[in-house]
Amino acid sequence: MENLKIHFENKTKIKNIDQITENLTKILGSERISVDMIDRIAYGKDYWLISNLMTLKGTLPCLPDIIIWPQTAKEVSKIIKLANENIIPIIPYGEGSGVVGSALAVNGGIILDTKYFDSIEINSTNMTVTVGTGLNGAVLERHLNEHGFRMGHIPQSIRTSTIGGYIANRAAGQFSGIYGKMEDIVLSMEIVLPTGEIISSKTYPRASVGPMVDRIFLGSEGTLGVVTKATCKIWPMPEKQGKLSYLFLDLQNCLDAIRETLQARVNPGVIRIYDKKETERHFGETIKESTNKIMLIFVFEGIKRLVNLEMQITSENCEKYNGIATGEKPVDHWFETRFKVSEASEFGPYDQVMDTIEISCMWDKSKEIYDAVINSLLSVPGIYLASGHASHFYSTGVCWYFTFSGIPKEGKDHLTLYNEAWDATISTVLKTGGSASHHHGMGVNRSRWMQLEHGEEFNLLQKIKATIDPNNIMNPGKLYSEEIQKRKL
Amino acid sequence: MEIIKKFSKHKWLINLIMSMEKEDRNNMLAGYKNRKKYYTSNLPDFEVNLKDLAKCALCPDMCGFDAPCLLLSKKTTVSPQNKARSALFMGMERIPMDNPSAISVLYSCMSCDACKHWCPMDISTGDLMVEMRSELEKRNLIPEKLHHLKNRINDNGSVFEKGPYSEESEFNIDMPNAEVFYYIGCVSTVDRKPMVRANIALLNHLKVKFTTKFGDRNCCGSPLYKVGYKSVAKDLAQKNKDTINNSKTKVVLTDCPACMNMLKSTYSDWGVKIKPKILHFKDFILDKIEKGELNPDKPVDKVITYHDPCIFARGLGETEISREIFAKIPGLEVKEAYLHGEETRCCGYGGGYHVTNKNLSIKEGLIRLDQLRKHSPNYIVSTCPTCELSFLEAQKNSKNDKYNEKIKDLSEIVAESLGLNF
Ligand SMILES: Cc1cc2nc3c(=O)[nH]c(=O)nc-3n(C[C@H](O)[C@H](O)[C@H](O)COP(=O)(O)OP(=O)(O)OC[C@H]3O[C@@H](n4cnc5c(N)ncnc54)[C@H](O)[C@@H]3O)c2cc1C
Ligand code: SF4
Ligand code: SF4
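In order, the protein sequences belong to chains A and B. Take the first sequence: its letter number 209 is residue 209 in the numbering used here, and every next letter is one higher. Take the second sequence: its letter number 241 is residue 241 in the numbering used here, and every next letter is one higher.
By construction, these hints were calculated from the structure, which means they are not laboratory data. Note that CB positions come from ideal geometry on N, CA and C, so glycine has one too. Mixed in with the good hints, there may be bad ones.
Not the full set, but computed from the structure, chain B residues with beta-carbon under 7 Å of chain A [said to hold, decoys possible]:
no.: 1; residue: M18
no.: 2; residue: N27
no.: 3; residue: G31
no.: 4; residue: K33
no.: 5; residue: R35
no.: 6; residue: T76
no.: 7; residue: I95
no.: 8; residue: M97
no.: 9; residue: P100
no.: 10; residue: A201
no.: 11; residue: Y338
no.: 12; residue: G341
no.: 13; residue: E343
no.: 14; residue: Y403
Whenever a hint applies, use it, and build me the whole structure from the sequences.
And the structure:
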């Protein structure tokens, strides 16, 4: 395919690839392994947004050497042992919806597709579901709904992502207010370690039995092993869903209304605020009175009496902070459009650089960090759009989600502008005391801030990685290495 | 400015453009003006909608969870998004058109339109794959395992080894002054004879004069068109037009959604006009019941589960007619599969998938059969001979002997309730 270029070109070619392929075939059979170029091209990407421009220009983000589809933890274990003997990278791959390039085979190697891990087992007494981690989130939620349950983890990408991906990134769903982030949902896991051992953590409500080992695999982005099974919390279908919306003139007022509500232990499932620009973008056509205001929407779920009470307390807090009630219509509009992801497709071919950046911070920095990030993004020459919304809230703080867009000015290329926008945002966030990512993870794009994010913890993380994965075969080029901290993309 | 007109619906965007610095605005407008470079092919005579392919290629597979192509194969390579990406690369000459693996990706699709149903941009990857396949036809690149379909059409007017449209067939009926052309589908003639007999019994019961014109019949062309033989399908369209229009009938009745869709929509897209009105039997039956001409009043004391064929449920967004008919039949109890209506699931036989991906097609049939068995119905009912054939095959392949449902067409149920012998 001489007409395709490769962005992260793999410099260290696998020497004995035919032998490796043959040995893998012995483990997997011939149907579940491929070295075909068409598969390697397909798996040489995830949804790191800058790679959309690459697709248009005929550049592949990367080109893995081998793709495999194991079915059991035992197969994974054998494969990992083989990879250790030959020092070949292994990159777990769910559905490639990760947006920071964490599933990219930047050093080549074997892509391990997890989609065969798709079992579902419901325990309706304990209210848990034990699932294969390659299972698509929406397939699981649909199955649970059919049986009267829900997990309630609904990221916008639910239709195109897996349970393993959620665990590996500590993902957050739209209803995180009630159901929590993935780290709140997962109770236990089966993991194949980078040296081939298979470990399973015990499922318990809570315990005090020394450190919680499996927790380090949450957010590990495929660097510490392959998670093959997970037991998660589930819930009955809610009796009532309640909707509220308010418009605010002042962002601090809006934040205060939410903070007081959450600190009173009221837990709306969905809370979303949109700054003035995003309110115009998302609600301008449907809610005329929203012009130049901040939109706040809530969705409540649960037992009717409880929901009614929660709605009442929330309304009182919004009114106290001068919120203007706007009824259910904005919430209905959000429900209708929440999976309509088309902007990257529509505007991608206009040669734009765009992306979204989600970060988190404590309440006392919430307004300051929003202002600082918007200003720093707009100070990058070529960036003409910077806006934000907040979509996950806690009694202690907020997740901000920024969107930027621009076109490089004379002489600069797209990637340079892209990196400048990211640099401006993350350095501002870290300086102001926020965290570099709330749920998308670090990947190739953000790992360069791992050390700054973690401080002294970083050395410990490096040691843990070196101990668990002595040959650095699991998803190398992400999170830990010194070289990544200085990475030029 | 073109861009302002185009985005007049997006006021926020216009405001943004207006508020930009001059250099930024010029850059943005230049990006907009040059956008077509990313989806303009230099390949001679390349006609596929590359703009939609590019949009789909840039999408994160928002339909993936319901796309049977991906769910079955577990290969990202053949997800709707990645099929579009491969096709874009082919159209832009980044992957050669004659690459056999890329070609097989184009065929990893059962034209079920699940992708379109969930698509925020109303794109059907299935339709785009059909367009791509006809580019293969132009370049003599259609895989060899499909050549027999074309050869059979040339030999006997159908995709079967032995032509079903023989003058000796029990279904060759030609009444004088026929008003109705019963356009019997190939699969119906060969594999769904009870359904055809029920339809004939219904027409006789209504004393409708009809013809089937087996002497002049040909396949509607759908199976050929879907696998890429567009030019062959177009020739068939002309032949069918002549046969139907010369028959002087007023109504064409089909028993197959694919035939109906071809005669009605695809032919007319190609400028081939069929004069008589085109109806599927279910439309005809409901109309007759509503007019009081059909009165299905004998109880059918059965539990049924209805399978919505993709073409009706998703292609045409029509899911109610069959259910309205069931509601009029005494004794009949409809219990729905969890996935029904527009959220139906493919039977596995669409888009030539059974020929190009036989094992996966069989697996898909089994999956759907299993979903339809949720309430252990007496009958699994559909309105498509190909779906019904898929379930009959799935029953044979199923290892689960707990079930003993029968596969029926809606017409058979109506005929049963009318007390007809067929
Ligand atoms: C339109 C869109 C909307 C999104 N919305 C949200 C959102 O609302 N909330 C949110 O949190 N994220 C969101 N994301 C990001 C993304 O969907 C999540 O990061 C998701 O968790 C990735 O899952 P995946 O299966 O696609 O993982 P992949 O992209 O395939 O992989 C991501 C990382 O996880 C690792 N991994 C995958 N499976 C395993 C496993 N079994 N064991 C070990 N490591 C594994 C990979 O190696 C890789 O490092 C969105 C993405 C898109 C494109
Ligand atoms: S069909 Fe639509 S939803 Fe599916 S991948 Fe293509 S653009 Fe995305
Ligand atoms: S039409 Fe069906 S099989 Fe084809 S790409 Fe769309 S979802 Fe997949």
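Checklist entry - Which of the numbered hints are not met once you compare them with the structure shown? => result Those not satisfied are hints 1, 4, 8, 9, 10, 12, 13, 14.
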